[in-house]
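Student: Each chain is listed here by its residues.
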Amino acid sequence: MKKLPAGFWGGLAVLTTGVVFFFYSRSYPYVSEYGPGPGMFPIWLSGFLILLSGFYIFASLKGNDSSDKMPDRKGLLNVLFLIMCMAMFVLLLPVLGFNLCASATLFVLLFRAYPWFVNLAISIGSSVSLYVIFSIALGVQLPVNALGF
Amino acid sequence: MDALGLLLHGFQSALTLNNLFFCFIGVTVGQFIGVLPGIGPVAGTAVLIPLTFGMNPTSAIIMLAGIFYAAMYGGTITSVLINTPGESASVITCIDGYQMARQGRAGAALGVAAIGSFIGGVVAIVCLTFIGPVIARYALRFGPPEFFAVMMFGLLLIVGLMGKSVVKGLIAVFLGLLLSLIGQDPATGAERFLFNQLNLLDGIDFLVLAMGMFGVSEILLNAEKSMDMAKPPKVKGLIPPRDEWGPAAKAIGRGTALGMALGLVPGSSASIASLLSYSLEKRVAKDPSRFGKGAIEGVAGPETANNAYAGAALIPLFTLGIPSSPTVAILLGAFVMHGLIPGPLLYQKNPDFIWAVVASMFIGNSMLLIMNLPMANWWAKVARVPYKLLAPLVLLICMVGVFSVKRNVWDVGLLIFFGVVGYFMKKLQIPAAALLLSFILGNNIEFTMIQTMALSRHGLWYLFMRPISGTLMALCLVILAFSIISAIKKKRDALAADAEV
Chain R
0 MKKLPAGFWG GLAVLTTGVV FFFYSRSYPY VSEYGPGPGM FPIWLSGFLI LLSGFYIFAS
60 LKGNDSSDKM PDRKGLLNVL FLIMCMAMFV LLLPVLGFNL CASATLFVLL FRAYPWFVNL
120 AISIGSSVSL YVIFSIALGV QLPVNALGF
Chain U
0 MDALGLLLHG FQSALTLNNL FFCFIGVTVG QFIGVLPGIG PVAGTAVLIP LTFGMNPTSA
60 IIMLAGIFYA AMYGGTITSV LINTPGESAS VITCIDGYQM ARQGRAGAAL GVAAIGSFIG
120 GVVAIVCLTF IGPVIARYAL RFGPPEFFAV MMFGLLLIVG LMGKSVVKGL IAVFLGLLLS
180 LIGQDPATGA ERFLFNQLNL LDGIDFLVLA MGMFGVSEIL LNAEKSMDMA KPPKVKGLIP
240 PRDEWGPAAK AIGRGTALGM ALGLVPGSSA SIASLLSYSL EKRVAKDPSR FGKGAIEGVA
300 GPETANNAYA GAALIPLFTL GIPSSPTVAI LLGAFVMHGL IPGPLLYQKN PDFIWAVVAS
360 MFIGNSMLLI MNLPMANWWA KVARVPYKLL APLVLLICMV GVFSVKRNVW DVGLLIFFGV
420 VGYFMKKLQI PAAALLLSFI LGNNIEFTMI QTMALSRHGL WYLFMRPISG TLMALCLVIL
480 AFSIISAIKK KRDALAADAE V
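For the record, the sequence lines run as chains R and U.
Note that numbering that gives the first Met the number 0 numbers the first sequence so that position 61 is 60, with each residue one more than the last.
Note that numbering that gives the first Met the number 0 numbers the second sequence so that position 43 is 42, with each residue one more than the last.
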């Protein structure tokens with residue numbers, strides 16, 4: 000079976016977004032006492048989005064789409080690695096506190112780039128510097144762990 | 000008080016030690032961002048917004064505006080010395096700038112670029128000084144229909160000028176508008192599109208969207224390729240030889256006019272300004288075959304044009320509240336975060352602020368001239384900061400920056416989501432910049448549309464019944480028709496660029 004172009008999948012994602020917003024828009028009043036209601040603008044926008052996604056899917060199936068090449072296996076793994084590291088940061092931040100969580104995330108991100116002792120120094124140094132800038136200089140309270148750091 | 004008097008008053012504020020310091024920080028960071036490939040001015044400005052939370056609005060905007068115009072200066076250095084543009088507006092400089100460097104004329108290329116950038120930047124700010132108040136006074140007569148028409152005009156120009164496909168441009172605009180509707184309806188306060196998530200009650204924060212779409216997605220894109228920098232050559236003699244002064248001066252003049260004109264057009268970008276300036280120089284040259292082999296006009300024109308653009312792009316923002324490019328959209332977001340509403344009333348309500356920012360831009364450009372002429376060698380070394388170290392740090396700063404807005408981990412999750420969406424949008428060549436601009440204008444577009452419809456029994460036809468809004472709406476239809484025809488004839492590639500990232 001012929002592989003479908005990337006534009007087709009992109010168009011499908013846009014279509015899904017349009018349909019979801021259209022579906023929700025219908026539950027809001029179309030008119031209000033001031034004139035247009037909260038549902039009017041989104042109904043038209045999502046309707047047009049559905050129409051445009053149709054054009055997009057059609058163009059990509061006809062081979063008239065100009066998308067960049069998707070990454071090779073190595074490139075894709077690098078991208079996934081970064082996303083996983085960021086997800087790790089989100090999950091661990093409330094538990095470990097900023098300093099530990101940021102140090103651990105940086106350590107993992109820089110694992111292949113530097114020897115472990117250099118990596119450790121950079122990770123801890125950068126995290127503590129950011130903590131000082133945000134928490135102390137700018138007064139933004141960053142999360143701390145049960146041990147208070 | 001006339002514009003000159005107000006400007007002098009602005010200098011009084013801009014020259015305080017505090018504002019001078021933040022102006023210096025802004026232009027230094029901007030220069031740094033411009034020099035480093037992989038981080039553009041949009042991401043750079045967005046990443047640094049959280050650092051301005053504790054500042055007064057004047058210092059904050061002085062710093063953030065500094066990043067915007069300084070990035071245009073910095074991008075030249077790596078384009079000339081190592082054939083790697085630091086930001087998209089300097090891509091075209093690689094062609095002749097790098098050839099000049101190979102011929103041992105790197106100093107002359109950097110010298111003329113710095114002088115041209117300074118002249119283009121300063122002339123554009125002079126224009127902002129004198130034209131800005133006039134436009135703002137005129138715009139005070141605008142009602143909701145006029146503002147609605149101006150915003151629609153801006154969005155359609157973006158669709159017309161950005162990206163290779165009208166359909167993709169429109170998809171980006173509609174997606175941005177739909178995202179802006181998440182939260183509460185501006186007229187009735189009704190909750191919309193919360194998807195059972197109370198975190199969405201206040202809508203999506205523009206900083207989360209901007210950092211995700213431009214900061215995180217850029218790093219994800221760069222993760223696919225090697226970002227190692229070549230060693231830059233030594234720079235000697237920054238003043239071009241006497242026989243090149245004439246052609247360089249003419250190219251600087253043309254670049255200034257072109258960049259300023261494009262700065263006023265929403266949807267254009269610094270990249271388009273430098274690209275058009277290069278083709279203009281090639282067209283007017285007596286011997287076009289010199290281009291691509293180290294013609295000084297090929298550096299002087301585009302580098303002047305992108306700086307003139309940066310200054311002029313602030314005119315629609317200050318006077319009408321309309322961002323003309325993604326970086327200016329980030330600045331608009333920063334204005335709002337600091338409680339300022341850009342538009343005609345800004346000149347009346349916050350004159351101290353506006354004139355201090357304008358004055359700081361004269362000072363910032365002077366600082367940049369010094370940074371770029373005697374210190375070019377030093378900046379070339381900065382370009383060699385390893386990207387493998389920089390990228391994780393930028394990711395971490397993005398995440399901490401977003402967290403610091405509401406102290407909510409949800410926003411960091413949303414940042415990652417928009418980072419991935421931005422990555423795929425760039426892969427599919429859907430212009431993320433158009434999405435960001437429409438997202439920022441979305442609430443105002445809906446609100447002015449509701450006001451327009453409430454003003455008249457004629458519905459949206461009322462827009463065509465008033466002279467200014469009617470003319471603008473007619474122009475919108477012309478732009479849309481022109482974009483569709485050019486897409487059908489496949490003539491859009493010349494201006495295609497999801498630029499200034």
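Everything labelled a hint here was simulated from the structure, so no lab data went into it.
Every value quoted in this text rests on a predicted model; they were computed, and no experiment measured them.
Please note: incorrect hints may appear among the correct ones.
Simulated crosslink set (PhoX-like; lysine-lysine; CA at most 20 Å straight-line) [unchecked claim]:
# : chain 1 : residue 1 : chain 2 : residue 2
1 : U       : Lys285    : R       : Lys68
2 : R       : Lys2      : U       : Lys426
3 : R       : Lys73     : U       : Lys292
4 : U       : Lys426    : R       : Lys68
5 : U       : Lys281    : U       : Lys292
6 : U       : Lys292    : R       : Lys61
Here are a few chain R residues that face chain U, going by a calculated C-beta distance under 10 Å [to be verified]:
#  : residue
7  : Ala12
8  : Pro28
9  : Met39
10 : Phe40
11 : Tyr55
12 : Leu75
13 : Val78
14 : Ala101
15 : Arg111
16 : Trp115
17 : Leu119
18 : Ser122
19 : Ile123
20 : Ser125
21 : Ala136
Idealized CB from N, CA, C, for every residue including glycine.
Student: Each of the hints needs a verdict: does it hold here or not?
Tutor: Here's how the hints hold up against the structure:
Pair hint Lys285(U) plus Lys68(R) does not hold up; C-alpha atoms about 40 Å apart against a cutoff of 20 Å. Of the supplied pair hints, the one linking Lys2(R) and Lys426(U) holds, its CA atoms being roughly 17 Å apart against a limit of 20 Å. Between Lys73(R) and Lys292(U) the CA atoms are separated by roughly 37 Å; this puts the pair beyond 20 Å, and the hint is violated. About 7 Å separates the Cα atoms of Lys426(U) and Lys68(R), which keeps this hinted pair within 20 Å; it holds.
Simply put, Lys281(U) and Lys292(U) have alpha-carbon atoms about 12 Å apart, close enough for the 20 Å limit, and the pair holds. A threshold of 20 Å between alpha carbons decides the hint, and for Lys292(U) with Lys61(R) the separation of about 41 Å lies outside it, so the pair is violated. With a cut of 10 Å, the hint placing Ala12(R) at the interface with chain U holds, because the nearest CB-to-CB distance is about 8 Å. With a cut of 10 Å, the hint placing Pro28(R) at the interface with chain U holds, because the nearest CB-to-CB distance is about 8 Å.
For Met39(R), the interface hint holds, since its Cβ comes within 10 Å of a Cβ in chain U; the closest pair sits about 9 Å apart. Residue-level restraint check for Phe40(R) holds (minimum Cβ-Cβ distance to chain U is 5 Å; threshold 10 Å). With a least beta-carbon distance of about 5 Å to chain U, the hint placing Tyr55(R) at the interface is held under the 10 Å criterion. Given the 10 Å rule on beta carbons, the hint for Leu75(R) holds: about 8 Å separates it from the nearest Cβ of chain U.
A distance limit of 10 Å between C-beta atoms decides the matter here; for Val78(R) the minimum to chain U is near 5 Å, and the interface restraint holds. Because the smallest distance between the Cβ of Ala101(R) and any Cβ of chain U comes to about 6 Å, under 10 Å, the interface hint for this residue holds. Hint status for Arg111(R) relative to chain U: holds, with the closest Cβ pair at about 8 Å, below 10 Å. Interface restraint check: Trp115(R) against chain U, minimum CB-CB distance 15 Å, threshold 10 Å, status violated.
At its closest, the beta carbon of Leu119(R) sits 14 Å from a beta carbon of chain U; the interface hint therefore is violated under the 10 Å criterion. Given the 10 Å rule on beta carbons, the hint for Ser122(R) holds: about 9 Å separates it from the nearest Cβ of chain U. The beta carbon of Ile123(R) comes no nearer than 13 Å to any beta carbon in chain U, farther than 10 Å, and the hint placing it at the interface is violated. Because the beta carbon of Ser125(R) sits about 6 Å from the nearest beta carbon in chain U, less than 10 Å, this interface hint is met.
The interface hint given for Ala136(R) is met, as the beta carbon of that residue sits about 8 Å from the closest beta carbon of chain U, less than 10 Å.
The structure shown violates the earlier hints numbered 1, 3, 6, 16, 17 and 19.
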